[in-house]
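Trainee: Top to bottom, those sequences are chains F and A. Under the working numbering, think of the first position of the first sequence as 1, with each following residue one higher. Under the working numbering, think of the first position of the second sequence as 872, with each following residue one higher.
The reader is advised that the hints may include incorrect statements.
Claimed, not checked - Pulled from the structure, derived: some chain F residues nowhere near chain A, Cβ distances all over 10 Å:
| no. | residue |
| --- | --- |
| 1 | Tyr19 |
| 2 | Pro105 |
| 3 | Ser129 |
Stated by the list, open to error - Cross-link-like lysine to any residue pairs, in silico, SDA-like; alpha carbons within 20 Å at most:
| no. | chain 1 | residue 1 | chain 2 | residue 2 |
| --- | --- | --- | --- | --- |
| 4 | F | Lys692 | A | Phe1286 |
| 5 | A | Lys994 | F | Gln575 |
| 6 | A | Lys1310 | F | Met627 |
| 7 | F | Lys692 | A | Tyr1288 |
| 8 | A | Lys1468 | F | Ser727 |
| 9 | F | Lys699 | A | Tyr1288 |
| 10 | F | Lys664 | A | Lys1468 |
| 11 | F | Lys634 | A | Lys1468 |
| 12 | A | Lys962 | F | Arg631 |
| 13 | A | Lys1000 | F | Ala630 |
| 14 | A | Lys1315 | F | Ser698 |
| 15 | A | Lys1000 | F | His597 |
| 16 | F | Lys634 | A | Ser956 |
| 17 | A | Lys994 | F | Val602 |
| 18 | F | Lys756 | A | Tyr1253 |
| 19 | A | Lys1316 | F | Ser698 |
| 20 | F | Lys581 | A | Glu1074 |
| 21 | A | Lys1228 | F | Glu822 |
| 22 | A | Lys1468 | F | Asp682 |
| 23 | A | Lys994 | F | His632 |
| 24 | F | Lys664 | A | Ala1465 |
| 25 | F | Lys657 | A | Ala1465 |
| 26 | F | Lys564 | A | Trp1043 |
| 27 | F | Lys699 | A | Lys1468 |
| 28 | A | Lys962 | F | Met627 |
| 29 | A | Lys906 | A | Glu930 |
| 30 | F | Lys564 | A | Arg987 |
| 31 | F | Lys748 | A | Tyr1288 |
| 32 | F | Lys692 | A | Lys1315 |
| 33 | A | Lys994 | F | Arg623 |
| 34 | A | Lys994 | F | Met627 |
| 35 | F | Lys664 | A | Phe963 |
| 36 | F | Lys634 | A | Leu996 |
| 37 | A | Lys1228 | F | Arg823 |
| 38 | A | Lys1468 | F | Val678 |
| 39 | F | Lys752 | A | Lys1284 |
| 40 | F | Lys634 | A | Phe963 |
None of these hints come from the bench; they were simulated from the model. Where a beta carbon is used, it is the ideal one built from N, C-alpha and C, also for glycine.
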Amino acid sequence: MSSSVSVAAEWDLLSDRFYRRITIYSPLPWSSPATTTTSSSGGGSGGAGRLDLSTHIVAAAPFGGPIAAVRDDSKIVQLHSEPSRRRLLLFSSSGHPLASSPWTPHLPRLHSLAFSSSLNLLALLSDGSLLRFRLPDLKPIPSSSPVPLLPPASGGVADAVFWGGGVAILTEDNRVVVTADIEVDDPHPRELADPGVGEDEQVLCMAVVEPQFVMSGSPEVLLAVGDRVVAVDEDGVQLLGEALEIGPVQKMAVSPNGKLLAAFAHDGRLLVIPTDFSRIIFEYECDSALPPDQIAWCGLDSVLLYWPEVLLMVGPNGDPVQYNYDEPIMLIPECDGVRILSNSSMEFLHRVPDCITSIFGIGSMSPAALLYDARDHYDKQSAKAYDNYQLISSSLPEAIEACIDAAGYEFDVSRQHALLNAATYGLPFCSQFPQGRIQEMCKMLRVLNAVRDPEIGMPLTIQQYKLLTATVLVGRLINANQHLLALRISEYLNLNPEVVIMHWACEKIAASTAIPDIVLLEGLLDKLRLCKGISYAAVAAHADNSGRRKLAAMLVDHESQSSKQIPLLLSIDEQDKALQKSIESGDTDLVYLVLFHIWQKVAVEKNAPLDFFGIINARPLARDLFMTYARHSKHEALKDFFLSTGRLQDAAFLLLKESRELEKNPVASKGSIHVPQVRLIDQAYRLFAETKEHLFESKSAEEHAKLLRVQHNLEVSTKQAIFLGSSVSDTIKTCIAMGNERAAAKVKSEFKVPDKRWYWLKACALATVGNWDALEAFSKEKRPPGGYKPFVEACIDAGQKTEAVKYILKLTNSAEKSEAYERLGMHEEAKAAALQADNNGDELFSRLKFTLGQNALIDTLRDRFSSQGTY
Amino acid sequence: MAQIPNLDNSPLNLTALREQSQKDLLNIVKSIRGKKCLVIDPKLAGTLSLILQTSVLKEYGAELRILSADLLQTECPKVVYLVRSQPNYMKFVANQIKSDEPKGLQREYFLYFVPRRIVACEKILEEEKVHQKLTIGEYPLYLVPLDEDVLSFELDYSLQECLIEGDTSSVWHVAKAIHKLEFAFGVIPNIRAKGVASSKAAELLNNMQLEDPVNMDNMGMPEIDTLILLDREVDMVTPMCSQLTYEGLLDEMLEIHNGTVEVDSSIMGGQQDGKKVKVPLNSSDKLYKEIRDLNLHVVVQVVRQKATSIQQDYAEVKSTNTQSVSELKDFVKRLHSLPEIARHVNLAQHLQSFAAKPSFHARVEIEQIILEVENYETCFEYIEDIIQKQEPIETVLRLLVLFSLTNAGLPKKNFDYLRREILHSYGFEHMSLLYNLEKAGLVKKQESRSNWVGISRALQLIVDLKDPEKPDDISYIFSGYAPLSIRLVQHAVRSGWRSTEELLKLLPGPHLDLKRGVSSISFSSELLTGSVGQQSTDRVGHRSLVLVVFIGGVTSAEIAALRFLSAQEGMGYDFLVATTKVITGNTLLRSIIASSKEGMI
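Produce the entire structure from the sequences given, and follow the hints as far as they go.
Mentor: Given below as structure tokens:
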């Protein structure tokens, strides 16, 4: 068990738990090989490959994220070979430079740096304004001017605490301002309740309980003021833990789960208290009453205190563990431990997981330890392997499980191997063990080892990885421009590679300013083809935004979804193509989209509606849709369109429509609406008359205008406003009904009403007013040109049986006679007439008889049911 | 009986389809918390009554209103508009919102477009400066089941849009709706289309499958075997004929809206108080299912038989005391069908009051003469007469369109004469109507010889009826005329278009035969060899399902003909009908008349 002993020897015991410090990366290069030689380019942090934490303002992102640094100009620094201009530097966790950019001079002093949870770099300036930078190129977003977070005249930043989504700022005049939406372009800072700091009092330190741990969903800020601690939120201030008599607190840190607070009191005590200050969970008296430089939680079980050269780990029981550092360090809390960054190395300090203590713990006889040992013996071809196996055979599954889990916690690849080997050794003896477990672990470890590689520099633990999720990891890799690895991982884990390829394509376009469009296009298409259903339009949009319109045009051609393609074609000014494609798509909504766009560009902005008409007139669907839309709301434009494209008849119809609208909304001009109406109809008439195809329409329009004039005169002479708007026939009927035969006759002759119609109209009108004598006289004037049917029907419609019979007798067609009798309910006569008709061999009539009829039958049925509720 | 039809007997799982629509709507209502006023456009409100009981919406705190030009009266702090994407509604919405401002009302406004947001509508909202105030969403209702075998796209104006305006929005809508169906029921392997719009829809459907493919890997056999798309334009003759089936007559005389007719309560045997009652009409009513597609006079006989047999039973029950309990039970069970019988007795009686009129006889008679292209003069004079005595304009036009279609137009002299008579009788405001009908080819000048007789012979459209009680051909539907559209469907189903190619060329628009593979789609009209008839025998006991889509509307009589076909012995397929709208000649013409008059087309 020699190997096990050496493993456990590196552990430190804190009360009953082991902790270990793993060196992940050492030494840290702080420069890339290329930039060390050409330090003048300033790519690295000074060509010598050095970063002194003590002279820089530094931020490090959790989950093995990058490190950002800016030289602290409040400190006197000896410049070695570094340039004197300050730069914003970005490194991976392994100390590899990722990017740098000059720090804008003349800005207010930099107060602090931090990373947001989506890995934007945040820089808080001492006047309370905020700069944000995008990774990996440190481009300022949304602009290079800082966004103010504090109200004016607040005196600047006294202290600030960041969390993933926001920042809490204590101002010089002791107000608290919280910004919880720091990622959006224009964040909304809110001032919390006045913490009530007295004139002669001082805020000693502050801490933030993150919003996800607070019931109200907004952050709670803890302030140590004088000898008390207050919790401040939007609604008010709460005094905490009076009964505990802690005294002035010098330093505070909230635990990773938001429930506990580590507080360093003025008398050198470290206290762990619930955030509601209900009691003291434990306290430890430090040797020094001097407050530590840094305080951090290591998991949930211990608290780290850092004074220069000394790092003290305090647990609930027993003696603390002390580590010594001869260089400055920075504590980076993680969910399952703390990373310790120094000038030369990156370490990870965490509690040794139980599965590992069970295997490597000194003297451990756990099944897992025995299995591990068995494998060792087996490899050495020792028979002891079998003895071990026999000892643990009943608890083999737990042993295998523990070995697999332990492998997951190891950073050392050879030890991962050893542990997994041990697990596989047990596997053949344990058929019920789920086979997938070990493969799953191997998969995860391969991903983890790949990203832990110093070239990539993301020292994720397995717990962090699970919390972060693979998708976010891929996202982070993309943002670090590690597209190849991101793609490989995506493929390996069966994730959709679209996001990787898309990002790659965009970065490629941005980085290929010198490559000609056609070459770049080929390169892009090669990769884009890898991913089915990828949006070419999105890539094209990016190309356009990067000033490569031609490339965009070529890319968008490959987009298969017209709803994505067309808007883009419009944005790159390919209007004709957009119109063409939209028509091909058959989606009228897309055609409208293009039409409105072109209308705006051509007809409105260039003031060239004729050009617009030209464009659409060549394309029937576009033309027809424009016409449909314009009928609703763009009358004038439609008229112009018709006139300019020679559709005179359509323009004329539009004028007729306008004339009718006048009728609907009578203008206050008394009784003379017909004047503008007639004018419009006359115009329409002239337009119709221009082409010989519309002779009928032109004549009709002419007649219409004439009718309106006649009707107007009738209204004037009869003093009754009942004529305008009615038809020629109705006008005649009205005249007759009013007894004005002369006027009726005049209308008849003016409009050349055929005699046949005249008989229908007059008979009907006379019957309507019940003038039977006149009707009879009319019937005797001469033999009616269409027979006596008009008289019969007029009488039947008026319900005048005796009058009707007079005229029925004069009917010549027997079928008509029969029908008329039937309508009067004179069945016998109807039958007689019908017989006559049948003799004439009217075959159709009899065919229809069985189709319909049976009137009497259903009547009887109905009677039977009429007494019942029927519905 | 409910207005929402029972869909359990549908050949396709339409219940799931309807439930999805219900869920989508409820999710919208639920997503907006608290009390809200739900403003629905009038047409959509009717459609929704086929999807859910509106009372359900009230349970989620929604107050219901119908959208109109009037201002909105409500106390609710949130207003949710649910409207079809039509420009005229946008003005209403804008006016209502704008009127709240001077009153100092602070409200949240939501606008859900049905079935999707449309640039042309949003443009109006922008111009009216209310777009910013609205939270915009979509309610993707593309299709509504009217009954177990009828779906409606609810596109009232499809025909005039395609035929007169050149606006093909409805074609895209139809393709989209079918594509959505394919997501649920698999990619339809055979497509046959006839007509401009139908061919375009088939092409769009293929494009959609390319852009947004239905994943066929985890689906079984496609549930729909064949899709037949027909433009109404191909057969404008049939809707112009008076329908003679029970359902057809109900629609012609009383107008069926969203599966109900509205009649005076006195007609249904109620009080003579002028109140209206709504009578639901769908196949959940067993008796209605049995008689809806029969000729009215057969309906009368069936109803009479049912009534008499119950009466006899009743007499027996009364006269003898020897019945067993189970016999009594049977009798009582049959008594339960009494309200159904009574309902249809009342309705049939009411229809008879129209259909028994000599004028109706004369009308049907003249239609037959026109269809047989006999006696031009008689027909011309009849039409002249009804214009001159100013019968309702749609009645006149219906016959005139029929007359013009079968004669390939009217000689110029007659054409101009009748047009002038119409303008004189009904007013000059109908000038654009006549122009539009001419543009659509419905009433036009004769320029070539009519091929109607040829078509009619080749397709055997005019058939002498043998026994009207036991019809053996779809020609019973119009008492001797077999609807052209359904004859085409018969051919398409039996042997594809190939056998009727020459004939199809005589009808308007291109035709298309598509075979879509399971893995890849091949676009070829030559590939089709097997017929549906053969395929249906491949799977024993399985009836193939044919989806027949009418772009521009279909009449109840035509649906009846399809039902008749699938009920024939030896027929291996069921039909499912989808239409932009169930129409009658009158409703179809009426919307053209109204739009023309308003100058909107």
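Trainee: Sort out whether tryptophan 1043 of chain A lies within 20 Å of lysine 564 of chain F, counting only the CA atoms.
Mentor: 17 Å, holds
Trainee: Going straight from one Cα to the other, do lysine 1316 of chain A and serine 698 of chain F come out at no more than 20 Å?
Mentor: Answer holds: lysine 1316 of chain A to serine 698 of chain F is near 17 Å, not above 20 Å.
Trainee: Does the alpha-carbon distance linking lysine 581 of chain F and glutamate 1074 of chain A stay inside the 20 Å limit?
Mentor: 15 Å, holds
Trainee: Would you check the hint for lysine 692 of chain F and phenylalanine 1286 of chain A, treating anything up to 20 Å between C-alpha atoms as holding?
Mentor: 16 Å, holds
Trainee: Check whether the Cα positions of lysine 564 of chain F and arginine 987 of chain A lie no farther apart than 20 Å.
Mentor: Distance of about 16 Å is within 20 Å: holds.
Trainee: Take the C-alpha atoms of lysine 664 of chain F and phenylalanine 963 of chain A, compute the straight-line distance between them, and say whether it is at most 20 Å.
Mentor: 19 Å, holds
Trainee: Does the structure keep lysine 962 of chain A and arginine 631 of chain F at a Cα separation of 20 Å or less?
Mentor: 14 Å, holds
Trainee: Does lysine 994 of chain A pair with histidine 632 of chain F here, judged by a C-alpha cut-off of 20 Å?
Mentor: 12 Å, holds
Trainee: Would proline 105 of chain F pass as off the interface with chain A, using Cβ distances and a cut of 10 Å?
Mentor: Since the minimum Cβ distance to chain A is about 42 Å, proline 105 of chain F lies beyond 10 Å and the statement holds.
Trainee: Does the structure keep lysine 1315 of chain A and serine 698 of chain F at a Cα separation of 20 Å or less?
Mentor: Answer holds: lysine 1315 of chain A to serine 698 of chain F is near 17 Å, not above 20 Å.
Trainee: Between lysine 756 of chain F and tyrosine 1253 of chain A, is the straight-line Cα distance small enough, at 20 Å or below?
Mentor: 12 Å, holds
Trainee: Sort out whether glutamine 575 of chain F lies within 20 Å of lysine 994 of chain A, counting only the CA atoms.
Mentor: 19 Å, holds
The structure shown violates none of the earlier numbered hints.
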